[in-house]
Amino acid sequence: MNQERKKHIVRALAAGVRLDGRKLDEFRPVELKVGVSSTAEGSAMVKAGDTEAIAGVKMGLGTPYPDTPDSGVLMVNAELLPISNPEFESGPPSIESIEVARVIDRGIRESHSFDTKSLCVEKGEKVWMVQCDILPLNFDGNLIDLGGLAVLAALRDARFPKVDEEGAVDYHEKTDKGLALQQLPVPITVGKIGEHLIVDPAQEEEQALDARLTMTMLADGTVCALQKGGQAPLTISEIKEMVKLADAKSKELRKQLLEVAT
Amino acid sequence: MAYEKRISGRALDEPRKITANAGVIKKADGSGYFKIGETAAYAAVYGPRECHPAFMRNPKMGILRCNYSMMPFSGDGERVRPGPSRRSKEISMVTKNALLPVVDLKEYPNTVVDVFIELPETDAGSRCAGICAAAIALADAGITMRDVVPAVSVGQVDGTIVVDLDGAEEHLDENAAADIPLAMVPSTEEITLLQMDGIVEQDTLFRALETVKPALHNIAEAQRRAVKECYQQQAGGDAQ
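Those sequence lines, one after another, are chains W and D. Just so it is clear: in the first sequence, position 13 is 13 by the working numbering, and no numbers are missing. Start counting at 1 in the second sequence, then tack on 262, and there's your number in the working numbering.
Possibly wrong hints are sitting among the right ones.
Selected chain W positions facing chain D (Cβ under 8 Å, derived; list incomplete) [unchecked claim]: (1) N2; (2) E4; (3) I83; (4) L137.
Straight-line C-alpha distance at most 25 Å; calculated SDA-like pairs for lysine to any residue [to be verified]: (5) W:K33 with D:P344; (6) D:K288 with D:E472; (7) D:K297 with D:F317; (8) D:K490 with W:D50; (9) D:K288 with W:E96; (10) D:K322 with D:P344.
Rather than coming from a laboratory, the hints here were simulated on the basis of the structure. We put the CB at the ideal spot given by N, CA and C, even for glycine.
Using the sequences provided together with the hints, build the complete structure.
Now the structure itself:
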């Protein structure tokens, strides 16, 4: 990042404003919509500023892992599509996309949001594999939070496909059985630029971040996953402030999530 | 038995419902969205920009590079693995060949114009939808073009010629259906994409190529309208 540009951003933050006019603790207005792909078992589109991403859930039958013969599998995958930003290139998943997927995945897993044992069809033989892909169409920062939100909405929107008498999946018919999520683990990333803390960083702000912390929050204010990013260290008092911010922001987004899908 | 009444209830030469938009991806130099029935495609154009790898550069003109990709949840069945496949590479190539005849890249030597196509849902006709979205995106990006490029499939089901086969028609008895995706330059009626799978008599093939023309002209009109509407909105926005 251009150092003069970064100085400009920091000076503005000191005066309490961001490049796009937002306050430091202000999220871009979030639009959330489910049922955006007829071929997916569940899907959602999220939009905030110029970031727009689509999440889709596919459910299939497969063999369980040998060490968990009675558990199904939930996997989150992300790809930073070159369609969404001039800086993204085709090719194998970048470390940035892997981090997005793993942080979202970890939040869902660690919150015990749903029982993977309920995905077991036949112990050791056959379990449901739930795969959720999160793909930006338009990238202007904060894919962890917005992607996480879209993944949760898509999982809530998902309905199991029908299984025929021979045990094969009939993808042309959905049942009315959903995943019954017990928790909605909402990831919130707070960025640190200089001594300032901001939420929902846009792409240029992300490039200027010295450090960031993603906190995955549950409804009762408990934290179920953390991920620190960036090279600068964080003080304990900064971490406290970041958690408070995340708690407040996650409550707003959780409300929206509850409104769009059941 | 002849196929007279289509599964969807459409007329034999009637394509599915079409939505076409331009300027849907803010970070791109140009973009388009094209939906036909339940097949949807986003396309973004980046460039002309510096071409990497350097050996692909052409000192006489810019090159066009197309990338067709299905989102993992967009297939009719199990999850599609992300990343290139034999199928997606071939479709990327025919997509480029379908668009090249109308674009003029002589002004941009040594550069590349990248076209990325992503499909969030498909129900047959995805390469045609991709080409339709890509043509809108190229026009939106201000690339010099002779014309737009509409694309749609025409085919034969049980001896009857039908325009724009949907998934249900494609999956009828394998021997009963032939599918011919094609793209055309509307002003000259030259064909820039032509593929087929299935068995068709010579006469039927020639009749099919004629039958599909009105649908292609209509799609071209929808593409032009999408770009115009996008620019009118921008102009309106600037005036305020």
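Status of each hint after checking the structure:
1. The beta carbon of N2 of chain W comes no nearer than 18 Å to any beta carbon in chain D, farther than 8 Å, and the hint placing it at the interface is violated.
2. A hinted interface residue such as E4 of chain W counts as satisfied when its beta carbon comes closer than 8 Å to some beta carbon of chain D; here the least separation is about 23 Å, so the hint is violated.
3. The criterion of a C-beta within 8 Å of any C-beta in chain D is met by I83 of chain W, whose closest approach is roughly 4 Å, and the hint holds.
4. Checking L137 of chain W against chain D: minimum C-beta separation of about 6 Å stays under 8 Å; hint holds.
5. A C-alpha spacing of about 23 Å is found between K33 of chain W and P344 of chain D, which places the hinted pair at or below 25 Å, so the restraint holds.
6. Between K288 of chain D and E472 of chain D the alpha-carbon distance is near 38 Å, which puts this suggested pair outside the 25 Å criterion.
7. Annotation: proposed proximity of K297 of chain D to F317 of chain D is violated, straight-line Cα distance about 36 Å (limit 25 Å).
8. With a C-alpha separation of about 22 Å, the suggested pairing of K490 of chain D with D50 of chain W holds against the 25 Å cut-off.
9. Between K288 of chain D and E96 of chain W the alpha-carbon distance is near 21 Å, which keeps this suggested pair within the 25 Å criterion.
10. Taking the CA atoms of K322 of chain D and P344 of chain D, the gap is near 35 Å; set against the 25 Å cutoff, the hint is violated.
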